[in-house]
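Got chain A; can you put chain B on it based on the hints?
There are 2 protein chains.
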Amino acid sequence: MNPSSLPVSTDRLVARLEALGRVGALEGGGVCRLALTKADGEGRDLVVGWMKELGLDVVVDGIGNLFGTRAGSRPGPSVMIGSHIDTVATGGLYDGNLGVLAGLEVIAALNDAGIVTEHPVTVAAFTNEEGARFQPDMLGSLVHVGGLPLEEALATKAVDGAVLADELAAIGYAGEASIGGIEAAAYFEYHIEQGPVLEAEAIEIGVVEGVQGISWTELTLTGRSSHAGTTPMRLRRDAGLAAARIAAEVAGLAREIGGDVVATVGSVKLTPNLVNVVAARAVMTVDLRHPDEGILRVVEARFAEIVDRVAAEEKVEVARRTLARFEPVAFAPALVDRVEAVAKRQGRSTRRMFSGAGHDAQMLARVAPAAMIFVPSVGGLSHNVREFTAHADLGNGLSVLAELVLERAGHANVDAAASRGAV
Amino acid sequence: MNPSSLPVSTDRLVARLEALGRVGALEGGGVCRLALTKADGEGRDLVVGWMKELGLDVVVDGIGNLFGTRAGSRPGPSVMIGSHIDTVATGGLYDGNLGVLAGLEVIAALNDAGIVTEHPVTVAAFTNEEGARFQPDMLGSLVHVGGLPLEEALATKAVDGAVLADELAAIGYAGEASIGGIEAAAYFEYHIEQGPVLEAEAIEIGVVEGVQGISWTELTLTGRSSHAGTTPMRLRRDAGLAAARIAAEVAGLAREIGGDVVATVGSVKLTPNLVNVVAARAVMTVDLRHPDEGILRVVEARFAEIVDRVAAEEKVEVARRTLARFEPVAFAPALVDRVEAVAKRQGRSTRRMFSGAGHDAQMLARVAPAAMIFVPSVGGLSHNVREFTAHADLGNGLSVLAELVLERAGHANVDAAASRGAV
Chain A
1 MNPSSLPVST DRLVARLEAL GRVGALEGGG VCRLALTKAD GEGRDLVVGW MKELGLDVVV
61 DGIGNLFGTR AGSRPGPSVM IGSHIDTVAT GGLYDGNLGV LAGLEVIAAL NDAGIVTEHP
121 VTVAAFTNEE GARFQPDMLG SLVHVGGLPL EEALATKAVD GAVLADELAA IGYAGEASIG
181 GIEAAAYFEY HIEQGPVLEA EAIEIGVVEG VQGISWTELT LTGRSSHAGT TPMRLRRDAG
241 LAAARIAAEV AGLAREIGGD VVATVGSVKL TPNLVNVVAA RAVMTVDLRH PDEGILRVVE
301 ARFAEIVDRV AAEEKVEVAR RTLARFEPVA FAPALVDRVE AVAKRQGRST RRMFSGAGHD
361 AQMLARVAPA AMIFVPSVGG LSHNVREFTA HADLGNGLSV LAELVLERAG HANVDAAASR
421 GAV
Chain B
1 MNPSSLPVST DRLVARLEAL GRVGALEGGG VCRLALTKAD GEGRDLVVGW MKELGLDVVV
61 DGIGNLFGTR AGSRPGPSVM IGSHIDTVAT GGLYDGNLGV LAGLEVIAAL NDAGIVTEHP
121 VTVAAFTNEE GARFQPDMLG SLVHVGGLPL EEALATKAVD GAVLADELAA IGYAGEASIG
181 GIEAAAYFEY HIEQGPVLEA EAIEIGVVEG VQGISWTELT LTGRSSHAGT TPMRLRRDAG
241 LAAARIAAEV AGLAREIGGD VVATVGSVKL TPNLVNVVAA RAVMTVDLRH PDEGILRVVE
301 ARFAEIVDRV AAEEKVEVAR RTLARFEPVA FAPALVDRVE AVAKRQGRST RRMFSGAGHD
361 AQMLARVAPA AMIFVPSVGG LSHNVREFTA HADLGNGLSV LAELVLERAG HANVDAAASR
421 GAV
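So the protein sequences, as listed, match chains A and B. Residue 1 is where the first sequence starts when you use the working numbering, and the numbers rise one by one after that. Residue 1 is where the second sequence starts when you use the working numbering, and the numbers rise one by one after that.
These are computed hints drawn from the structure, not numbers from a lab. There's no promise every hint is true.
To be verified - Stretch-level coverage of chain B by chain A, calculated; a stretch enters the list once three of its residues show a Cβ under 8 angstroms from a Cβ in chain A:
| id | segment |
| --- | --- |
| 1 | 225-233 |
| 2 | 354-367 |
Stated by the list, open to error - Computed footprint of chain A on chain B; a stretch qualifies when at least three of its residues, placed anywhere within it, have a C-beta under 8 angstroms from a C-beta of chain A:
| id | segment |
| --- | --- |
| 3 | 51-59 |
| 4 | 80-86 |
| 5 | 254-264 |
Unchecked claim - Below, in silico cross-link-like pairs of lysine to any residue (SDA-like), each with a Cα-Cα straight-line distance of 25 angstroms or less:
| id | chain 1 | residue 1 | chain 2 | residue 2 |
| --- | --- | --- | --- | --- |
| 6 | B | LYS315 | A | HIS383 |
| 7 | A | LYS157 | A | ASP11 |
| 8 | A | LYS269 | B | ALA89 |
| 9 | A | LYS269 | B | ALA324 |
| 10 | B | LYS269 | A | THR322 |
Treat the numbers as computed from the prediction; the structure is a model and nothing was measured. The beta-carbon is built from N, C-alpha and C at its ideal position, and this holds for glycine as well.
Extracted from the complex, chain A is given alone in its bound form (with noise of 0.2 angstroms):
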């Protein structure tokens, strides 16, 4: 055995994460475990079960994160592998879950190898990272770092009307321990990639370098319902040719500026909608995003030049709403580098690349190094019942991340292990 690797099963990992896509599995594939739902609470079980029979410490704190506790040689900060098991109403089996069951993973092996860490490492499941049942996402690890007061989280009112507190204790995870009272050394968050560009790329492994910033307007137009047999097209005040452009130009802007930039037009609803009439109205969202936040500016601005100067020249009226905006963030560039070289050493090909999704890294980086680890999504499906990424997959992202929290984590029996696992 090289003393800087794991004997990690995939195939023990491939059975967890179809034991727990079992709980509130849909029919026909994917499965419902909404934050603090039944199914959400079933899953918890399930994975406290796990990792009980691991020898985890398990605690829940108040807005009933789970962490399991490997003790190392020494007291102090852990080392900790973390995501989360709550999913979208049609979620798949990975999102989240990957990055906690790889973590019991990573202690499955520490256990079989006999490994006594110097540092403790914990696996970490947070609260409502999805954001469909209550907002905002990432919450459980919002409050984690202290970005969030828990009574305040305690008391978010779901989509549903339900009280978060009381669904917590409904489900049986109000937990008594106190919040940010485990302290991470280093967090490390495994994760489906979520997008195309690993598997267009054929790329193995994606080296997340930060968390793209997230910048939404929802714009309204207001020109003027006309006739559309009788109204020359200069004397109209077009809404819907208005949103055309605007969508138009906004995807060239995206196009031009290049690199990571993307800017998306999803949602278009004009009034009254009709083959024959010049549309009055158009009510449009515009996405924007980038992983630095100096560039997001600068494309946010040229948009705001493009509406501007669109509206006038198609005589309509715009109003702007801010939907969100997150700046970007960057994962410790030391964590980072690990990542890639650790990925390389193990003979797999890299691509440094930002998540355009949200992830509870982002909220962990605040207080600790944080670096994730893509693997390729099937299509580049995600929060979709066909969500999918191959054994293969798994399994070297699964190496890669045993390797980096045997390194984090650091060796006590280094020798004894070696010996025992040598030829």
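Chain B alone, transformed into the frame defined by chain A:
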């Protein structure tokens, strides 16, 4: 009295417009007199009553078209003044009604002046011009000119499920006169513009050269749904972006070709229509119109090229469906020239133009020389409860119509009438 003019009364015309507007009146203004409803029946009763008061010979044909004829000094085809009295669900007082009631005012003025015309003069109100309740629109005039067999028309189902023949009988307008029995030597239709051009250019009379050709296409664009944050621009198949680019380019095409080309994307529906999801599907309509069939075909061909190019560039599939296609109609040039000459002689400012909307005149043009007179619509509004045309404008069109009818019908007793009116 000028021998070529008639003492028409705009006040009397407006009083009839207002009286008819009270039948099916909506709270807060406007009128709902959908074809062959009880309200339409009551409106017809009012018009038939006026026709009889004016001494007209009233006949109703098999599709419910109303004809009120004032005899001439010799038999033969009539000079026909026509339009319709059905409205859309939220209509105004002018669209259609003006043409019929102005016809009655011309009759009243002929009666007042004691004029005997050579040709008969007929006022016609055609069934279901709007097409709001039964498809196709202009159904009564289409049947009148032999464009749709009576039996087929009678079997038409309303959007509310009712059969046309039953509804016609229910309101007492299943007439016995033979279809096309009253022939037109010439057909005049006096109508509000329903568009903003005359008002915008401060022109009093629109000299209508014909009706635009209409081409309606529904496009269904199919791309691939993907995550707005994790899917790079180059890996997208964004149906919403393809729709926006097509809409923007089609408007650009209309502006580039210029003249009377109008292009409208009035309806767009994205799926799933969410802020952070690249749209998988877009269904959009494209309404193209031009008075010249050759140019309309060029526009259609260029539109098809835009769709093909954008679809290829955005990697989306396209399905096309033709929703409507009507060739342009040209009115009789000699009659159009007379409209212009008479209006100018009366001191009116004029503008030649094409109708962007359909009118009964385009059906009558198949069997007789036809022409239309337009007057301004305030704000270009029509098919709208706020539809309005000023008293002076109503009078301008009425005077032009009266002179044209008298000119075309011929004065059998010109000297007597002139002497009675002379100072």
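Among all the numbered hints in the text so far, which are the ones the structure does not match? Violated hints (numbers, rising): 3, 4, 7; every other hint is consistent with the structure.
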